[in-house]
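Grab the two chains, each in its own frame, and use the hints to assemble them into the complex.
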Amino acid sequence: MYFDLKSSGLKTDLHKDICEGRIFESIYNKYSQSLHDYLYYKYGDRLNPGDKAQDAFAKLWENCKKVTPEKAKSFLYTVANNLMLNEVKHQKVVLKYQTESPKATTNENPEFLLEKDQYFKKYQQVLSKLSEEQRTAFLLSKVEGKKHEEIAEILGVTRKVVEYRIYSAFDVLRKELDNFKIK
Amino acid sequence: MDTNVLIQKWLTGELSEEERKAFDALEEASFYKDIVEDASYFKASNFSEVNDFATFKDKYITETASETKVIQMQWFQPVLRIASVVVVAFGLYFAFLYNSNVQVETAFAEKTTFQLPDATQVTLNAQSEVSYSSNDWDDNREIELKGEAFFDVAKGAKFDVLTDEGTVSVLGTEFNVKQRGSLFEVTCFEGTVRVVSNGITKILKAGDDFQRINGEIITGKNRAASPSWTNSMSYFKRLPVTEVFAELERQYNVKVQAENISQEQLFTGGFGHKDLDSALKAVSEPLGLDYQILKDDMVRFSKRE
Numbered sequence: 001m002y003f004d005l006k007s008s009g010l011k012t013d014l015h016k017d018i019c020e021g022r023i024f025e026s027i028y029n030k031y032s033q034s035l036h037d038y039l040y041y042k043y044g045d046r047l048n049p050g051d052k053a054q055d056a057f058a059k060l061w062e063n064c065k066k067v068t069p070e071k072a073k074s075f076l077y078t079v080a081n082n083l084m085l086n087e088v089k090h091q092k093v094v095l096k097y098q099t100e101s102p103k104a105t106t107n108e109n110p111e112f113l114l115e116k117d118q119y120f121k122k123y124q125q126v127l128s129k130l131s132e133e134q135r136t137a138f139l140l141s142k143v144e145g146k147k148h149e150e151i152a153e154i155l156g157v158t159r160k161v162v163e164y165r166i167y168s169a170f171d172v173l174r175k176e177l178d179n180f181k182i183k
Numbered sequence: 184m185d186t187n188v189l190i191q192k193w194l195t196g197e198l199s200e201e202e203r204k205a206f207d208a209l210e211e212a213s214f215y216k217d218i219v220e221d222a223s224y225f226k227a228s229n230f231s232e233v234n235d236f237a238t239f240k241d242k243y244i245t246e247t248a249s250e251t252k253v254i255q256m257q258w259f260q261p262v263l264r265i266a267s268v269v270v271v272a273f274g275l276y277f278a279f280l281y282n283s284n285v286q287v288e289t290a291f292a293e294k295t296t297f298q299l300p301d302a303t304q305v306t307l308n309a310q311s312e313v314s315y316s317s318n319d320w321d322d323n324r325e326i327e328l329k330g331e332a333f334f335d336v337a338k339g340a341k342f343d344v345l346t347d348e349g350t351v352s353v354l355g356t357e358f359n360v361k362q363r364g365s366l367f368e369v370t371c372f373e374g375t376v377r378v379v380s381n382g383i384t385k386i387l388k389a390g391d392d393f394q395r396i397n398g399e400i401i402t403g404k405n406r407a408a409s410p411s412w413t414n415s416m417s418y419f420k421r422l423p424v425t426e427v428f429a430e431l432e433r434q435y436n437v438k439v440q441a442e443n444i445s446q447e448q449l450f451t452g453g454f455g456h457k458d459l460d461s462a463l464k465a466v467s468e469p470l471g472l473d474y475q476i477l478k479d480d481m482v483r484f485s486k487r488e
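Heads up: the sequence lines are chains C and H, in that order.
For the first sequence, the residue numbers in the numbering used here are 1 to 183.
For the second sequence, the residue numbers in the numbering used here are 184 to 488.
Be aware that a few hints might be false.
[Claimed, not checked] One side only, chain H facing chain C, incomplete, derived with CB under 7 angstroms: (1) Leu194; (2) Phe214; (3) Phe225; (4) Lys226; (5) Phe230.
[What the hints assert, rightly or not] The list that follows gives simulated cross-link-like pairs (lysine-lysine, DSS-like), each with its CA atoms no further than 30 angstroms apart: (6) Lys96(C) with Lys420(H); (7) Lys146(C) with Lys30(C); (8) Lys146(C) with Lys341(H); (9) Lys226(H) with Lys175(C); (10) Lys146(C) with Lys420(H); (11) Lys96(C) with Lys242(H); (12) Lys226(H) with Lys142(C); (13) Lys116(C) with Lys204(H).
Source of the hints: derived by calculation from the structure; they are not laboratory data.
In this text, all values refer to a predicted model and were calculated from it rather than measured experimentally.
C-beta: ideal position from N, C-alpha, C; glycine also.
For reference, chain H alone in the conformation it holds in the complex (with noise of 0.2 angstroms):
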């Protein structure tokens, strides 16, 4: 079959499984796949963002306020006083009788899976702590979160993930959020989040990942399934070593040392969590470092003579 009716059909998705064959037996196929993928370097959300509704209201709309709105305030205000009375009198209540905030946290070496009020599967990585409030989940899905989890979320509206450094909100499904110190990371599995960090707004779809490390965004892409960590590994792409350490020291509870080794040095990689000696080899290895357990819970790196 003649070669550019092929990618014709290839590029419009219409390849049978016998043209399918034919034409990643071409010689320059992986050529072909490679500059469709290439493209996506050039993708215009890492350069070029648009505002929030939020931001865009304020620019805007505020200038020509309607006057809808103002006839509706005028019947609106008497009921407001009402209301707030409610209001007041419904957080007394709660604030004494019905303390429904909810607290996991997970210590060193610790992970744990629990359901919120809605099914939605939330598996805590070490050393981590979420809070919400459960009386009111259905209507406001809002979850703190220090550290790393890995989130399942049922099917509903908005759910929000609230960190130091940013919100995550989900418009689907499965997604990773780490926030330790001012690394934040977010993966999405399935579905699409968004994520509103230092007033940039990114929607992630199945397969992207955000990174913000110093004040520096790197997105890319991702293939996993879950996240590593979820089945006993950690994995690391161009990260500071510092970082490696810091999870080394949550999921073994050790206590890391370096010696000598520059502090900006990026590691790519990942370790498991069942065995230490083979999780600082897998460590040490590609850095050219040594590494020496000294005590129980000391471990130190250091320059490779």
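Next up, chain C with everything else stripped away, as it sits in the complex (with noise of 0.2 angstroms):
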């Protein structure tokens, strides 16, 4: 169902694209979960991404004459990122994460759910201490499992930079998280 803007068939007046219902909402299908991700994972959500995000596309809507389709993407997240460091200077960025609910795991031994319970609080301080480029970097390419190029592209650095914010990120979680490690 995403519309092919390439195919669209108006390259001769491309300008005009965006402002049509249609493509924008195409454009919106496809960018707005990935922007609103993005930007979870660089700020947290104290600062409500799933809003940024959309102010940012009301953005794009008030300018759809000046921006073309192959710009939307790049103009989404410089102005969703800009709107964020309006915001705020830096604070601590607390991810939550996913327990299983409580009820659920009755057959658990306790011991086993302590450990777990401590493993996931001292992981969350870890990504909470990761610089905001290593963090980022590492959950777009772990959990949203985007590609390398398209994390560069959306960062606005080389690929090979990318990698080396993942590893990074990494190597801080292996050493942090060790005494977790199964004897």
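Encoded structure:
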């Protein structure tokens, strides 16, 4: 159901494209969730990544005559990032983790549960301690499964830099979580 | 080879066959894999979501309705008038002369597989029902579901499955939908699907599953290639025993009585569809229950003394 922008056939007048509701909708469907995920990993949930992502799309709509479809993605990421930066001077980012609901685990050994809980608490701490760059690259790659090229494009750096950030994030994680290694 | 280099290559997905062996031989290989896998517990969409386009549009776009829209409507209106007459005429024609609504139902202990007009395969589990309209199927791939079904969707435009508890839109190909009472479960096996349930939108990729029971949403992973029930097994992941009993009733056409059993108790595991006795064993053993087959169509579970 995604609309292929390249085949839209309006090559002579590309600037009008985004103003067309259907094309704008396809751009929204294509990018809104990953834009949101990026903001979430980078800034946490306190500054409401969902609203910021939508604000960026509203800005895109206002500027639909000036932005070509090819530029839409980087326009969105830049605007959303700026909107975040306007609001905050760096604060600690604590990402939530999904716990299995407690009633479900009645048959598990309490010691095991305690250890698991401590493990995820520690994991959370380490993620907060990572730099924005490391955390964003690592989570976009390993949780969202994005390709390194795409992350590089989003973050505006080269692929090598992305790979280095993923590695250095992982390196901190494995050192800090060393105590939880199963013997 | 240096461990750090191995790790680096592993993270980038550039290990050669030989290096992979060396990596797997590392004492800490499984620990490393766990770290990467456990990152998904922090997945953004489990905690925070962006509104779908419709909500976004209501909130932002209507305020700044553009000029082009107004101009469009002026010539559009007379066309709409003519169109509405045509639509009414066609509507009457189809309502009285051309009823193309297709309904497929299964009874207790029955499964069936059939094809939709576009060669989409639907496998219907016991006591389930789907209905769709066959004449405009290619333009409007919408199917209503009560119960449980597995879809292998043919390539094409939008494909929607409507249930009382939410809508599943297909962006890709193979998925399972289960809606029994307030339980709503979607598993995606191939491609991508979008689930809209109670105002929440989730995109599932291959291997993701989504479960909403009594308002609580749980998402998880799944490695199977097709739902277990299509291979005559029912499998449950942390579901209340009542759901398990209900499925037993559907698969074997029996009535299940539960004596002094906490309804809250959760069950993980499965049972086969071929032999009632072993199915009952499979359910009762892990829960520490006893069972009794009272009549041909009556089964009782009770707490073990």
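Problem set entry | Given hint Lys30(C) paired with Lys146(C) - CA-CA distance at most 30 angstroms | holds (14 angstroms)
Exercise. Taken at face value, is the distance from the CA of Lys204(H) to the CA of Lys116(C) at most 30 angstroms?
Worked result: Cα-Cα ~29 angstroms, so holds.
Exercise. Is the hinted pair Lys96(C) and Lys242(H) satisfied, with a Cα-Cα distance of at most 30 angstroms?
Worked result: holds (28 angstroms)
For this session: Tell me if Lys226(H) is really an interface residue toward chain C, meaning its C-beta lies closer than 7 angstroms to one of theirs.
Result: holds (5 angstroms)
Problem set entry | 30 angstroms Cα cutoff - pair Lys96(C), Lys420(H) | Holds - the C-alpha atoms of Lys420(H) and Lys96(C) are around 23 angstroms apart, at most 30 angstroms.
Exercise. Is the hinted pair Lys146(C) and Lys420(H) satisfied, with a Cα-Cα distance of at most 30 angstroms?
Worked result: holds (28 angstroms)
Exercise. Does Lys226(H) pair with Lys142(C) here, judged by a C-alpha cut-off of 30 angstroms?
Worked result: The hint holds at about 10 angstroms.
Problem set entry | chain C contact restraint on Phe230(H) - CB to CB distance below 7 angstroms | It holds, given that the least Cβ distance between Phe230(H) and chain C is near 5 angstroms, below 7 angstroms.
Exercise. Taking 7 angstroms as the limit, does the beta-carbon of Leu194(H) come near enough to a beta-carbon in chain C?
Worked result: holds (5 angstroms)
Exercise. Holds or violated: are the alpha carbons of Lys226(H) and Lys175(C) at most 30 angstroms from each other?
Worked result: holds (22 angstroms)
Exercise. Is the hinted pair Lys146(C) and Lys341(H) satisfied, with a Cα-Cα distance of at most 30 angstroms?
Worked result: holds (24 angstroms)
For this session: So, Phe225(H) near chain C? Judge it on the closest CB pair being under 7 angstroms.
Result: Holds: closest Cβ of chain C sits about 5 angstroms from Phe225(H), inside 7 angstroms.
Of the numbered hints listed earlier, not one is contradicted by the structure.
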